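So the chains spell out like this:
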Amino acid sequence: MLATLLKRLIKIFTSLRLTVILLAFAILLVFIGTLAQVDEGLYNAQARYFRQWIIFGLDLFGRKIPLVLPGGYLIGTMLLLNLLAAHICRFQLSKKKIGIQITHLGVILLLVGQLVTDMMAHETQMRFVEGETKSYSESPRNYELIFTSEENSNEEQVVAIPDKLLSRGGEIQNENLPFTIRVKSFWKNSEPSFRAPMMQNGPPLTTNGVAANFDFRPVAEEKTMERKNVPTALVEIIGANGSLGDWMVSDWTADGAMIRGLEESYAQQQLGAAMVKGIVARLVAPQSVFAGGKKFTFALRPERIYHPFSLTLLQTTHTIYPGTDIPKDFRSRVRLQNPQTGENREVEIYMNAPLRYAGLTFYQYQMDASDVAQQAGLAPLSALQVVRNPAWLTPYLGCALVAIGLVTQFMFHLVGFISKRKTK
Amino acid sequence: MRRAVNLSKVGIKMMKTFLICALAALAVLSNGCDRDNVKVYHVAKEDSAAPPPDQIAAPEQMPTTQMQPSQQPQLQFTLPDGWQEIAPSQMRVASFTVTNANGQTADVGVIPLPATGREIQLVNMWREQMKLPALTNETAVETVSAGNDPAKLFDIASEQPLIDGKFRARILVAELTRGATSWFFKMTGEDSFVTAQKENFLQFLKSVLFVENIPAQISGTGLGSQNFLVPKTNTLVIGGAHSNSSANSIWTIPSGWQQLPPPEFLVAKFSIAGADGASAQVNVSSLAGDGGGFLANVNRWRGQLGLPPFAEADLLPYENGIDVIGSPYGIVDFVGTDSKTGKPSRLVGAIVPQNGHTWFYKLMGDGQIVAQQKDAFIKFIQSANYANARNAP
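Chains as they are written, first to last, in my numbering: chain C, 1 to 424; chain A, 425 to 817.
Hints in this document: simulated from the structure, not taken from any laboratory.
Values in this document were obtained by computation on a predicted structure and should not be read as measured data.
Beta carbons are placed, not taken as given, at the ideal position from N, Cα and C, and that holds for glycine.
Some hints here could point you the wrong way.
[Claimed, not checked] Pairwise CB distance ranges, derived in the manner of DEER restraints: (1) Thr207(C) x Ser695(A): 21 to 29 Å; (2) Asn524(A) x Glu346(C): 55 to 63 Å; (3) Glu346(C) x Arg592(A): 46 to 54 Å; (4) Arg63(C) x Lys555(A): 44 to 52 Å; (5) Gln315(C) x Gln627(A): 38 to 46 Å; (6) Thr133(C) x Glu552(A): 35 to 43 Å; (7) Glu175(C) x Ser695(A): 54 to 62 Å; (8) Ser695(A) x Tyr321(C): 56 to 64 Å; (9) Thr207(C) x Gly506(A): 52 to 60 Å; (10) Lys555(A) x Phe61(C): 28 to 36 Å; (11) Glu346(C) x Ser695(A): 57 to 65 Å; (12) Leu719(A) x Arg168(C): 49 to 57 Å; (13) Pro733(A) x Gly242(C): 30 to 38 Å.
Chain C with its partners taken away, still in its complex shape (with noise of 0.2 Å):
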């Protein structure tokens, strides 16, 4: 009985109908996918067709379509799992064989490698204007909400409660922080509004820290690439003795990035340097309470990797094409030090000639010097996109083991044939 079964379940991860129907569903999935896109944006796209097990209907042209399909994580296992059955019931080491065996080889570190990249490669960014070091890199998608609390005369305690679990709402508790968090909203996308005297036309959600100056909104989520979504959280903290009050947080107020275009934006409605300035300055205006004999400053901010060394900005080249708005090069001297190693050097980043530093790969991503950013009195800015990608040499080896296997066996087959002609 269960040698039956066995048999029959050997036979069908072992059978060639099972490759031929994943890979027709694997075909299927990038074609649903690519439509996808068109309205979901393409990071949406992945996660809900290809970064899962099993999809559930499918939005196609503004329709829902009720179909159930194999998504992409599934797909991939079972191509992997069939490969590898065929493999193992069918390996034969033998000379004539080998570079079939060394082309499967490939095809299933193409297979593994794209699962460990897509579980365990991390994209950050650095951003920081000239002559600023930074010694950590921001996540363009994903938050944290920080409690910052002083540790000894050097050292901050930092708690980061990622933005996942804020979305859900509730309360939030951690051993680290002397009072219980309790999140009221939490807004995926947000817009700011300063309450300038002739524009507060309500009272505000809460009078406490950056409220009294900003009005917060929610609105609708960003699908495309190059806007982001930017969080506001209105939180209740609750201490000890009670609650501390009604708080907003908003990456509106510590994102680097989104205070920057909100400064150029300003400076482009003509409101005075002065007036940005004053602005601004109430938008980042540290927030915190006192609980447990410490006070701690929180905020909403991208999620920071930090790393072991640290870049400093030299100086930014941004040239572009005589007569046009073309850029022709961008590219970022910068200086690392790593204080573990005794490094200390320069390095120039730029197209096509990332820095690859201790398992981090620093490509040249954005650079802001434009009139506008310097009219409202902002310093150049460089980008980099920060990639951690363990398996980053998996499609490299990968395609190089079959193409080796698929010469190998074109070879013995063609040395074969050859030797066959000459002895006749």
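Model the placement of chain A on the given structure of chain C, informed by the hints.
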């Protein structure tokens, strides 16, 4: 039998492989799930939750080669006949329109930009507008005077009819570099008209004077008939000491009004004292766009007097005020109780849209003083010369 044994062996082999795969996947997945947990770590103090240094420290860190608006000099000039000042658009500190009897027009703008030494790119941009090939070297037609400074004059004329497909276009650009800033004076229009206006353009350039270190608040005297401009990014100039109007003042200030330093976000503030310590205040502010709209602001004022908000229909009687104060809205006049002081109070307010900005005037305080000052308040609004306030917030 042998087949069954072989299959079992293969089955065990496969189970082992699946187990290894499952464990590897679990390890990978558990790493991914780590992003959902609260993290606690320690960082050096300067890396903590302080406001982003790239924003707050930016003005201080700005290299000296960049344009620093607060250090910009101010411009004085004399306008030729037929030139009319208009509200400057983005990037400009001054704009003018020139028209003749035949309806031909030209546009003149003054644009300060950080000196980059690559002005040839701008010249080529303008040449591109004129459908002309780019130059590899800057070849100025002639050197002219812009006030006391020499300036390079570029005279770029199209060879094709670019205006309405009928007329050729011409751009005259004078460029001079002062310190870290390149100033561009640019006239654009129909070829024949710009050529005719070239002499006026050169006269205008000669009249330009750069005035350094003018204090933020200046009185309205001593500038004669010359125009006085401040780059829009600079501090606001409020002209006019008491009861005086001059070329550079925004308003004629009625007697008895005491000018106070305006709090942040107000353009001007005045206090009017009455008997027995009674007083009224005049607040003036300006915002880009509609500043929130007429109804919202009227209701904000009503809220300050503890009055219920108006509906859209309640505004009908206020819809035509253009004859009185140059605004499509009428003057509002409400009596109520000051929500801050709890005292009976009267509010007279006006909202005046001007060149993409909206000006808000409010006279509020003791009912008797407000009644006495209402006419003076309206005259004060009528006296506004908004051209002198282009750099107002």
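Against the structure, the hints come out as follows:
1. Thr207(C) x Ser695(A): 21 to 29 Å: Once the Cβ atoms are compared, 28 Å apart, the range 21 to 29 Å for Ser695(A) and Thr207(C) holds.
2. Asn524(A) x Glu346(C): 55 to 63 Å: holds, 60 Å
3. Glu346(C) x Arg592(A): 46 to 54 Å: Between Glu346(C) and Arg592(A), where Cβ atoms are some 52 Å apart, the hint holds.
4. Arg63(C) x Lys555(A): 44 to 52 Å: holds, 48 Å
5. Gln315(C) x Gln627(A): 38 to 46 Å: Check passed, 43 Å falls within 38 to 46 Å.
6. Thr133(C) x Glu552(A): 35 to 43 Å: holds, 40 Å
7. Glu175(C) x Ser695(A): 54 to 62 Å: Holds - the Cβ-Cβ distance for Glu175(C) and Ser695(A), about 56 Å, lies within 54 to 62 Å.
8. Ser695(A) x Tyr321(C): 56 to 64 Å: holds, 58 Å
9. Thr207(C) x Gly506(A): 52 to 60 Å: Distance hint for Thr207(C), Gly506(A) holds at roughly 55 Å.
10. Lys555(A) x Phe61(C): 28 to 36 Å: 43 Å Cβ-Cβ, so the 28 to 36 Å window is violated.
11. Glu346(C) x Ser695(A): 57 to 65 Å: For Ser695(A) against Glu346(C), whose Cβ atoms are near 60 Å apart, the range 57 to 65 Å holds.
12. Leu719(A) x Arg168(C): 49 to 57 Å: violated, 39 Å
13. Pro733(A) x Gly242(C): 30 to 38 Å: holds, 35 Å
Going down the numbered hints, you'll see the structure goes against 10, 12, while the others check out.
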